[in-house]
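Protein chains: 4
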Amino acid sequence: MFDALASPHHFLREMIGPTAHDPALKDYEQWWEQEGRAISDSVDRGGTPWLRMFDAAGKRVDEILYPPDYWRMLKQGYRAGVLWRAFEQDSLLPAFLLIYLTSFYDSGLSCPYTVSLSTALPLAKYGDDRLKERFLPKLLRQNDEVWQGATWMTEIKGGSDLGASVETLAVRDGDMWRLTGDKYFASNAGAELAVAAARPQGGPLGVRGLALYLLPRWRSDGELNYTIRRLKDKIATRSVPTGEVELRESEAYLLGGAEEGIYLILEVLNVSRVANSLGSVALAQRTLADALGFAQTRIAFGKRILDHPLLRRQFEERLQGLRQCFALAWQASQLLNEVWKERRPYSERYHLFRLLAHLAKYWTAEFAAQTAKWGMEVHGGLGVLEEFRVERWLREAMILAIWEGTAHRQLLDALEVIERKQAHHLLLAFAEQGGACPDLRQITQEIDQHLGLSAEQREFRWEPLGRRLAQTTAAALLDALPGKHKTAQGNF
Amino acid sequence: MFDALASPHHFLREMIGPTAHDPALKDYEQWWEQEGRAISDSVDRGGTPWLRMFDAAGKRVDEILYPPDYWRMLKQGYRAGVLWRAFEQDSLLPAFLLIYLTSFYDSGLSCPYTVSLSTALPLAKYGDDRLKERFLPKLLRQNDEVWQGATWMTEIKGGSDLGASVETLAVRDGDMWRLTGDKYFASNAGAELAVAAARPQGGPLGVRGLALYLLPRWRSDGELNYTIRRLKDKIATRSVPTGEVELRESEAYLLGGAEEGIYLILEVLNVSRVANSLGSVALAQRTLADALGFAQTRIAFGKRILDHPLLRRQFEERLQGLRQCFALAWQASQLLNEVWKERRPYSERYHLFRLLAHLAKYWTAEFAAQTAKWGMEVHGGLGVLEEFRVERWLREAMILAIWEGTAHRQLLDALEVIERKQAHHLLLAFAEQGGACPDLRQITQEIDQHLGLSAEQREFRWEPLGRRLAQTTAAALLDALPGKHKTAQGNF
Amino acid sequence: MFDALASPHHFLREMIGPTAHDPALKDYEQWWEQEGRAISDSVDRGGTPWLRMFDAAGKRVDEILYPPDYWRMLKQGYRAGVLWRAFEQDSLLPAFLLIYLTSFYDSGLSCPYTVSLSTALPLAKYGDDRLKERFLPKLLRQNDEVWQGATWMTEIKGGSDLGASVETLAVRDGDMWRLTGDKYFASNAGAELAVAAARPQGGPLGVRGLALYLLPRWRSDGELNYTIRRLKDKIATRSVPTGEVELRESEAYLLGGAEEGIYLILEVLNVSRVANSLGSVALAQRTLADALGFAQTRIAFGKRILDHPLLRRQFEERLQGLRQCFALAWQASQLLNEVWKERRPYSERYHLFRLLAHLAKYWTAEFAAQTAKWGMEVHGGLGVLEEFRVERWLREAMILAIWEGTAHRQLLDALEVIERKQAHHLLLAFAEQGGACPDLRQITQEIDQHLGLSAEQREFRWEPLGRRLAQTTAAALLDALPGKHKTAQGNF
Amino acid sequence: MFDALASPHHFLREMIGPTAHDPALKDYEQWWEQEGRAISDSVDRGGTPWLRMFDAAGKRVDEILYPPDYWRMLKQGYRAGVLWRAFEQDSLLPAFLLIYLTSFYDSGLSCPYTVSLSTALPLAKYGDDRLKERFLPKLLRQNDEVWQGATWMTEIKGGSDLGASVETLAVRDGDMWRLTGDKYFASNAGAELAVAAARPQGGPLGVRGLALYLLPRWRSDGELNYTIRRLKDKIATRSVPTGEVELRESEAYLLGGAEEGIYLILEVLNVSRVANSLGSVALAQRTLADALGFAQTRIAFGKRILDHPLLRRQFEERLQGLRQCFALAWQASQLLNEVWKERRPYSERYHLFRLLAHLAKYWTAEFAAQTAKWGMEVHGGLGVLEEFRVERWLREAMILAIWEGTAHRQLLDALEVIERKQAHHLLLAFAEQGGACPDLRQITQEIDQHLGLSAEQREFRWEPLGRRLAQTTAAALLDALPGKHKTAQGNF
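Protein chains in written order, with my numbering: chain A, 2 to 493; chain B, 2 to 493; chain C, 2 to 493; chain D, 2 to 493.
Source of the hints: derived by calculation from the structure; they are not laboratory data.
Note that this is a predicted model, so its numbers are computed, not measured.
Every residue gets a Cβ at the ideal spot worked out from N, C-alpha and C, and that includes glycine.
It cannot be assumed that every hint is accurate.
[What the hints assert, rightly or not] Computed spacing ranges between beta-carbons, pair by pair: (1) C/207 - A/60: 47 to 53 Å; (2) C/434 - D/420: 20 to 26 Å; (3) D/264 - B/223: 37 to 43 Å; (4) B/139 - C/35: 21 to 27 Å; (5) C/300 - D/456: 38 to 44 Å.
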């Protein structure tokens, strides 16, 4: 089993068995080994890219100055099929597998792919024929002319409470709408197409007053439709340009009904939470693989440090944790693939998915961050030197832990779907399809009791229970995967 | 109690009560608030300083090009008494209190102070009169002409197994020795005086062949006595220049006997481990204070995020953890102050200290890293932006977790002193002076059983037990401090 | 004479003799030698400062994150009197002398002082009593609470042809005006007060439609009155933050009449052109001083490179060029001091000044750039290493050559004032007050002939003549200064 | 003629007519337009590359961490034939043409090509068969496995007076030599093979005691044969890693006789001076092309700034200067191609070449620097913004002006070959083969007079004469080229 650590494709095969996507994954991994790794290193080393706002003639252009290598790396994933395969095969799974593989090599690069997917899916689901005809084929191109998507919700007042923080105003203008406002965390700034949350003029306050719009980079007259105020200096994910984006009467198209916007927004977040979970697992795998490589080489007290019993035990436990996390993320992926086309009123299957997605987002990111921290410690002093870049994985992991909602948010959202939909019972039933899950059954009962507390106390005392729920679910779900029988005690 | 979070001096008073050092601490804190904070920010933002190796005339100078602000900040601590007070008052405690305070504001800056102390102490203890007369007054100056010290042990092969990795050779040359070798992690590179581990020519292999030398920056003829190959790009602690240092027949003076070098080296590490523990607690306090400030300001779902029950509970638990960690680090400080002048054969008190020091180094750094990670999450998206520098504390914490020995190393060294000296019983007796400690007594018994395992299994299964030992000791020791009765549930 | 090169104050005394300002200059120079030099180095090394747009609460703040050292350095000049002395003594000369001295040490730092002066002067001259009472005392403070000024004209379409490029619109709003537009090269972004060119609504097109406004940083209600879109990454002058500034219905106050704005703008430029000339001379002095220091130290072929005849001759010629340039800039300063309070219709003295100012701006910047380039060559390979920072002076010089109008612009503007006002005859008469100037007389005649050409040919053939005019004027004016008799052939 | 400015290949065809190398040049230029330009931009933006001294196992590796793009860009020139064509066609001219073209796009990248050529040529000329067989084919590979060369002479005391400054000691060791010393400006650090100046043990002092050695990167046992102390932070030429290189008993092979080393060293410099001249012309062409592009776009006072007569005249004059400079550099290239195989005693043709090479190195670099400075001014304020990178060309030009000897050095070396070999008469005769050169004849006579002065005065008064000699020679030589009839007054 340890053999698979250094190869994401190998690990996926161990965990889910052979699939029709193996050739594509194999080719893509080969590209990363031969070319991509070095590019990803140098992009991270290069830091935040430059933003050229104006050309020499004084025209606003908002060009993002990555090295050419970056664009090659970026386009490789689109060519490999991170978008077009999902539509050609009518399945999100090939996209998620490619995102897993990407994340092993460059955690941040998964973001453009994910937000592009999160743009294409609502367009396909809610767009009218004219919109779909006009924009969808551009996103599904198999060559370097492919368009990218983006999902812009958060504004300066924060990302958790969108009902209060989104102030971007949408005003109808014939078939179109005009959006005016500032998006504060706009990932994949520069994308040719975005979905953006805004508030249709005259609508209700709060979360019910939100709608989701499709927003192209260029106006009908060829001018820029949004401007980038600046790119943000993040500690990691330098493979995705995150910017502050200014909308000024920007042309946009409503998706779905204006009154159901919040549901569309949450559906968009479903995709990114699942992708974030897979990316977290892949990052943990990478960290573990790098630490293993080091521990196999470094000598102390006369033997490889891997052969020191305390460290060896840590490796075994981390590997088991990795497999559990993968099971959690993968089951969330499969469920999303089942339910993503649903519209309100949603099925129980959808609520089961939501609970699983919150647990997966929370627990895989926590595992990735802890593993990255531990991986630095395995490297000793080298772990804190920029030269060796072991520390990069912790930087990346911290972003995964925060993007798409922190642990606090996921725990509370999980509690909410439990309170409203009794989703913990749906989860238990789902897990028990693969056999008895006594630990999970025990926790389910504890949760039932917990729900009898006052609202304040339910929240105040929830964290330890929620944490155990996530961990136990992960262990239970691993049993349903082909990879379950693999032992962690292999020779290495 | 929460009120004290924003002030390290206030927190110290809460925890240990008033001391004679309060005026000095108050003045020093005031300087930090008025001037130091902004300097520390800008030094961290500036990244690794430049090293000017040659002057325009082609003469090797190895000048470290910090901004002038840096030197002001650095000298402030020396003036405040981080060295001279320890000698004037014949107590390490004022030094440790000042290091705590420094670490609240600039975690890395404690390093120069600590290694200067770690240079002055062995010089005072083992140096002959001529050496002491020549060098000690320079380290104890109360003005900006003060000399700095440094402790250089680690070479390229690693820092844990010094017996195998130190290859620097020492050759006798009359009264002096000549050292030749490369030090790979040389903190406070540029110091006027260092203690360095080397291997006297013709001595035994392994750890018994090490000796400790005093090494000035300039040779007797005024030339550079060591050169700096480069400064290392670290992820944090940018307030201390860490370099690779080249010794080439460098003039040096033996401290203690050539055959007892490893004991002197370990005594040097005693100081830095204790300082690292205090620094970790101070960093955790800072992180908690910053997170509190943010949580008091940020609004979500209609109230301050601090007033969300889940988050509030986390604050309360973290504050309790902080107080326990402080107790652990402070008791280690006090014990070191008692035993640091001992020579072999060491007393039981010394072995008790060693166990406590390993537990403190391990547990406080772990707490600091986890608190810093959590602090980033509290800040949500802002936590990963370089602009807000919340992420700095995690970078700093990771260095504290790795410097002076990682968690693995501390756990194993703690096990060793338990195996050899039954130090866990010494610890229990020490803790019970303040009253019954049932949890610690329980663990002590478990350890006794654990010691019956095979050597391999003792190490393989040690981590969870060692972890509980650290945590339980911290809780037990808190009861002995004035701060024990403070509740965490204050209004804030 | 060479002795004076290393000290701007000494050089000024040599050139203009003792003045009442000597004590202030001496103190200020001493501060630079003791503290300022190292600060200036580190600010340049630090590159473009950060701009913190938002605080943690999401409020727009536009804070410029220089190291604390920067602010100390900046305030030092204001305390020394670069603003208040001009008003207290009713003379621009102390301001110009302090600017000269500043520029020797930090070319870019003169910019904040100059633009603050350029803000205070039109306010004093054209502001009504209420405006003056409200704002002027803040600019003239002698402590660190002093306000800074700024002069914002240029927009994205360029700075030469303001009539076409200024698009900022001013709309009357009671006593105030509201300005909306973007300033592309806004030096001293962050200043508490600015003068800005804008176009009153409904006014004529072109240059006649411009007016000059006073614009505070904060609105009457305490909010930011302008925002900084970004700070510009310049190759030098890192001691002044140059930004792109966004005006959005920003509160402003009209200075002078709306129909005479262009004259006020040109009067503002008068000040900065003269300051730029002095700064160029000071920079050339600095470069020459540094090159001299190196040439006195470096040995090649058995002697100091300064003693190689070819190089020695270059030093002598450059020193002579420096003195001539100083004469040019100083006479322009003195004339401006005479005429700056004039209003239209301007006197002949004013036109004489304008010609001299164009020649000075042109020729001193050219001399500074050439000297800086030569200084790098004197240093050989060290000249291109960032470590030695010799190259900084060329970067600084290139900005001086471009700011406030390039050589092309100055040459053409000089031609214009010659064509319109026969200013070359005024110049000749002025120069001949100090004795016969045969070369200048000769050129004056050639210019008379030149004026007979077609407009196209006048411009096409003007450069060599204009260049000789500048150079010859500089030589002629040197004769009127106390420093004229100093020989360049001193021992050094 | 202006049409050719934007294409180096087009310009070469205009100037020297069609050659057999046109297809190779065309392909190479096409690669630059499609891929190379953007890579070069990003490498310059990226600054000094990282040097990874040690791998994770603690082994010294000295790996230079450029982005992968860099290596693609670098290898492209080798594949295009910058080395192998010179040997396959037994002519330096294709190499020089490719270097010209390279320099148009990336001035610094010509350095690796030039020093590789400067390594291959002495190896081919002076190496014994075993050395040639072992190393030459590796340098001439046509694929990405090609080895690179390097030429390391300069040490910390300076590069002009090698007789005094080279202190590297060479000690014989069987067939090999062992070199110990530090090279301070080691361009193309990391090259697989270098030629290095050293001082054979026991030889005479001064310049006669120097010898030239071939030095591989790896020792016979596979270990590193030299280490890189650091890479130098240069203001430009970031496409070549310049380092400080440490030789420590490094294996090396003597080239030629130990007593004739200085001649071999000068022969190496011949190649780089010619390449530097071509590179300077190419850089001036690039600057002019960029300025032209801007002047065709920018509007001021109602018309393109190119149509302003003063600026238009500058363009015409600069173009003429460019053509003259090219003639100078190209004739030097052709002469070197004739004489490079000569051994002592050298022919008159060789001395003619030397004079021409000094004049070309001097004058083309001066022209490039002045043109780059002017190009920045044409761009106005944009010229000093890092975003537009117009300023890059001045940084590059300053390095060209200093590398391989500054103007001072070239002027004095030209004077020396005139004094010793009457080379000015050889030059006149050479130029007059293409027709009468009255100006050059006039200067030749003035030089004859000049030679009657004392040694001190000859040097003291030489610069203006030497400058006119260079300029007049350039003008005279242009008449011998096909491009001579092209007028500068074309439409553009």
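Taking the hints in turn, this is what the structure says about them:
no.: 1; hint: C/207 - A/60: 47 to 53 Å; verdict: violated, 23 Å
no.: 2; hint: C/434 - D/420: 20 to 26 Å; verdict: violated, 49 Å
no.: 3; hint: D/264 - B/223: 37 to 43 Å; verdict: holds, 41 Å
no.: 4; hint: B/139 - C/35: 21 to 27 Å; verdict: holds, 23 Å
no.: 5; hint: C/300 - D/456: 38 to 44 Å; verdict: violated, 19 Å
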